[in-house]
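Q: Spelled out from the first residue to the last, the chains are:
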Amino acid sequence: MIQLLFFLLIGVALLSSLFFLVRRGSPRAEGDSRVLVDARKALDALQGGLLPEELVRRIFAKEDLDYVLSLKAPKTVRDLFIAERKKIALSWIAQVRTQISSLKSFHVGAARSHAKLGLRTEIQLACNFTTLLLACRALSMAIYVGGPYVAPSMVGATASAAAKICTISEQSLAFLNPVQLKPYASGSLTS
Amino acid sequence: MSSAPKRMDVEQARQDLCRRTLSDIQRPLDRLIYLASMRDYNTGVYHHDGLASRFTEEVACEALSDCHREAFQELVICPLDELVSQLDAYRSSTHTSPREFLTAWGRLEPYRVAVPVQTDPLSAEFLFSNFKIALAVLESQLDPRPVGLTA
Numbered sequence: 046m047i048q049l050l051f052f053l054l055i056g057v058a059l060l061s062s063l064f065f066l067v068r069r070g071s072p073r074a075e076g077d078s079r080v081l082v083d084a085r086k087a088l089d090a091l092q093g094g095l096l097p098e099e100l101v102r103r104i105f106a107k108e109d110l111d112y113v114l115s116l117k118a119p120k121t122v123r124d125l126f127i128a129e130r131k132k133i134a135l136s137w138i139a140q141v142r143t144q145i146s147s148l149k150s151f152h153v154g155a156a157r158s159h160a161k162l163g164l165r166t167e168i169q170l171a172c173n174f175t176t177l178l179l180a181c182r183a184l185s186m187a188i189y190v191g192g193p194y195v196a197p198s199m200v201g202a203t204a205s206a207a208a209k210i211c212t213i214s215e216q217s218l219a220f221l222n223p224v225q226l227k228p229y230a231s232g233s234l235t236s
Numbered sequence: 225m226s227s228a229p230k231r232m233d234v235e236q237a238r239q240d241l242c243r244r245t246l247s248d249i250q251r252p253l254d255r256l257i258y259l260a261s262m263r264d265y266n267t268g269v270y271h272h273d274g275l276a277s278r279f280t281e282e283v284a285c286e287a288l289s290d291c292h293r294e295a296f297q298e299l300v301i302c303p304l305d306e307l308v309s310q311l312d313a314y315r316s317s318t319h320t321s322p323r324e325f326l327t328a329w330g331r332l333e334p335y336r337v338a339v340p341v342q343t344d345p346l347s348a349e350f351l352f353s354n355f356k357i358a359l360a361v362l363e364s365q366l367d368p369r370p371v372g373l374t375a
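Here the protein sequences line up with chains S and V, keeping their order. According to my numbering, the residues represented by the first sequence are 46 to 236, in order. According to my numbering, the residues represented by the second sequence are 225 to 375, in order.
Hint data in this document are derived by calculation from the structure and do not stem from the laboratory. Just so you know, not all the hints are guaranteed correct.
No more than 27 Å apart at the CA atoms, straight line, and that leaves these computed lysine-lysine pairs for DSSO-like [unchecked claim]:
no.: 1; chain 1: V; residue 1: K356; chain 2: S; residue 2: K117
no.: 2; chain 1: S; residue 1: K117; chain 2: S; residue 2: K107
no.: 3; chain 1: S; residue 1: K132; chain 2: V; residue 2: K356
no.: 4; chain 1: S; residue 1: K107; chain 2: S; residue 2: K86
no.: 5; chain 1: S; residue 1: K209; chain 2: S; residue 2: K131
no.: 6; chain 1: S; residue 1: K120; chain 2: V; residue 2: K356
no.: 7; chain 1: V; residue 1: K230; chain 2: S; residue 2: K209
no.: 8; chain 1: S; residue 1: K120; chain 2: S; residue 2: K131
no.: 9; chain 1: S; residue 1: K131; chain 2: V; residue 2: K230
no.: 10; chain 1: S; residue 1: K117; chain 2: S; residue 2: K131
no.: 11; chain 1: S; residue 1: K86; chain 2: S; residue 2: K117
no.: 12; chain 1: V; residue 1: K356; chain 2: S; residue 2: K107
no.: 13; chain 1: S; residue 1: K86; chain 2: S; residue 2: K120
no.: 14; chain 1: S; residue 1: K132; chain 2: S; residue 2: K209
no.: 15; chain 1: S; residue 1: K131; chain 2: S; residue 2: K86
no.: 16; chain 1: S; residue 1: K107; chain 2: S; residue 2: K209
no.: 17; chain 1: S; residue 1: K209; chain 2: S; residue 2: K86
no.: 18; chain 1: S; residue 1: K117; chain 2: S; residue 2: K132
Quick look at which bits of chain S chain V covers, simulated, 3 or more residues with Cβ under 8 Å [to be verified]:
no.: 19; region: 88 to 100
no.: 20; region: 124 to 136
no.: 21; region: 165 to 178
Quick caveat, the model's predicted, so the values are computed rather than measured. Heads up, the beta-carbon is just placed ideally off N, CA and C, and yes, glycines get one too.
Required output: the full structure, derived from the provided sequences and hints.
A: Spelled out as structure tokens, the structure:
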């Protein structure tokens, strides 16, 4: 009797794991629309607002610091300049980090349902996300301690890594773009 | 606003606006303030009678909005020394005394209402920060004693 119960329990356990595996293997076609919308917003914010080269260059431009120093302005002006630029630099890195985290959530949770990414791309993407988020944290700490001009090469590397992730995410979210319809050709309905 | 205006019409209106009006306003800061003044603060809709009579209200609104965004973008990426010069030149054009101007701008921060809608927050934050610094620079040139106008 105990043996029978034991085998029944094993059977139930196996059936339930099979059920969960099957459910996990066939994702819902509609996916999670909220994750998709968030990912699209994150991508737009990164590409349109945070990563344009000119803006990043301007935020971290040393010429502005040189200009303020050349003015022989009072210390209060120099301090104000450094404090303001530090605030903006930290805000930039925090926003990049937030948007990248949002894209990461999309890739972890929903990309498999929607995107046709290969295993190699997915592994590459996972590595890129981890490296970038760590780099963001390191850069944030460096700026916090040493000011906005402490690691210009790190800023450039972070921006290009984020841009690379945007390009891959763009492919994953391409299905959300409006369909490019071919122009109507006369006779196409009759043929 | 009945329907979205055609992009081609908006582009024509934009060119018209640049040729007839904005070409006389050289500095991006002046253009930003001028274009922001064309916008109704209650509705966010831009009005320009001349442009609307040549095109339509909707097309004129879109064209003004495009030009406003352009002026903003130009100003966001302009170096700090240029922004200081532009602010000083704008101050001169208003015929206000430097001290009065700097005090009013420091307290009221009128640049905050001059940004176009749907501007990304970081760009706006960056421009506001640059204005704050530019005001401090101009103030320091006005009076060698350090005073906390912008603090």
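Q: Now tell me, hint by hint, if it's right for this structure.
A: Going down the list of hints, with the structure as the test:
Among the hinted pairs, K356 (chain V) with K117 (chain S) is consistent with the structure: their alpha-carbon atoms are about 18 Å apart, no more than 27 Å. Between K117 (chain S) and K107 (chain S) the CA atoms are separated by roughly 16 Å; this keeps the pair inside 27 Å, and the hint holds. For the hint pairing K132 (chain S) with K356 (chain V), the CA-to-CA distance comes to about 13 Å; that is within 27 Å, so the pair holds. For the hint linking K107 (chain S) to K86 (chain S), the alpha-carbon distance of about 31 Å lies beyond 27 Å, and the restraint is violated.
For the given pair, K209 (chain S) sits about 25 Å from K131 (chain S) by alpha-carbon distance, which is consistent with the 27 Å threshold. With a CA separation close to 15 Å, the supplied pair K120 (chain S) and K356 (chain V) stays within the 27 Å bound. Distance check on the hinted pair: K230 (chain V) and K209 (chain S) sit about 34 Å apart at the alpha-carbon level, beyond 27 Å; violated. As the CA atoms of K120 (chain S) and K131 (chain S) are separated by approximately 16 Å, the hinted pair is consistent with the 27 Å bound.
Restraint check for K131 (chain S) and K230 (chain V): not satisfied, since their Cα atoms lie roughly 43 Å apart, outside the 27 Å limit. Distance check on the hinted pair: K117 (chain S) and K131 (chain S) sit about 21 Å apart at the alpha-carbon level, within 27 Å; holds. With a C-alpha separation of about 44 Å, the suggested pairing of K86 (chain S) with K117 (chain S) is violated against the 27 Å cut-off. Note on K356 (chain V) and K107 (chain S): the hinted pairing holds, with a Cα-Cα distance of about 18 Å set against a maximum of 27 Å.
In summary, the hint linking K86 (chain S) to K120 (chain S) is not supported, as the alpha carbons are separated by about 41 Å, beyond the 27 Å threshold. Taking the CA atoms of K132 (chain S) and K209 (chain S), the gap is near 26 Å; set against the 27 Å cutoff, the hint holds. Proposed proximity of K131 (chain S) and K86 (chain S) is supported: the alpha carbons are some 26 Å apart, at most 27 Å. Taking the CA atoms of K107 (chain S) and K209 (chain S), the gap is about 25 Å. The hint holds against a cut of 27 Å.
In summary, the hint linking K209 (chain S) to K86 (chain S) is supported, as the alpha carbons are separated by about 17 Å, within the 27 Å threshold. The suggested pairing of K117 (chain S) with K132 (chain S) holds, with an alpha-carbon distance near 23 Å, which does not exceed 27 Å. Proximity of the region 88 to 100 of chain S to chain V, defined as three or more residues with a beta carbon under 8 Å from a beta carbon of that chain, is established by the 6 residues found. With 7 residues bearing a CB less than 8 Å from a CB of chain V, the region 124 to 136 of chain S meets the requirement of three and the coverage assertion stands.
Remark: the region 165 to 178 of chain S is not confirmed as covered by chain V, as 0 of its residues place a Cβ nearer than 8 Å to a Cβ of that chain, below the required three.
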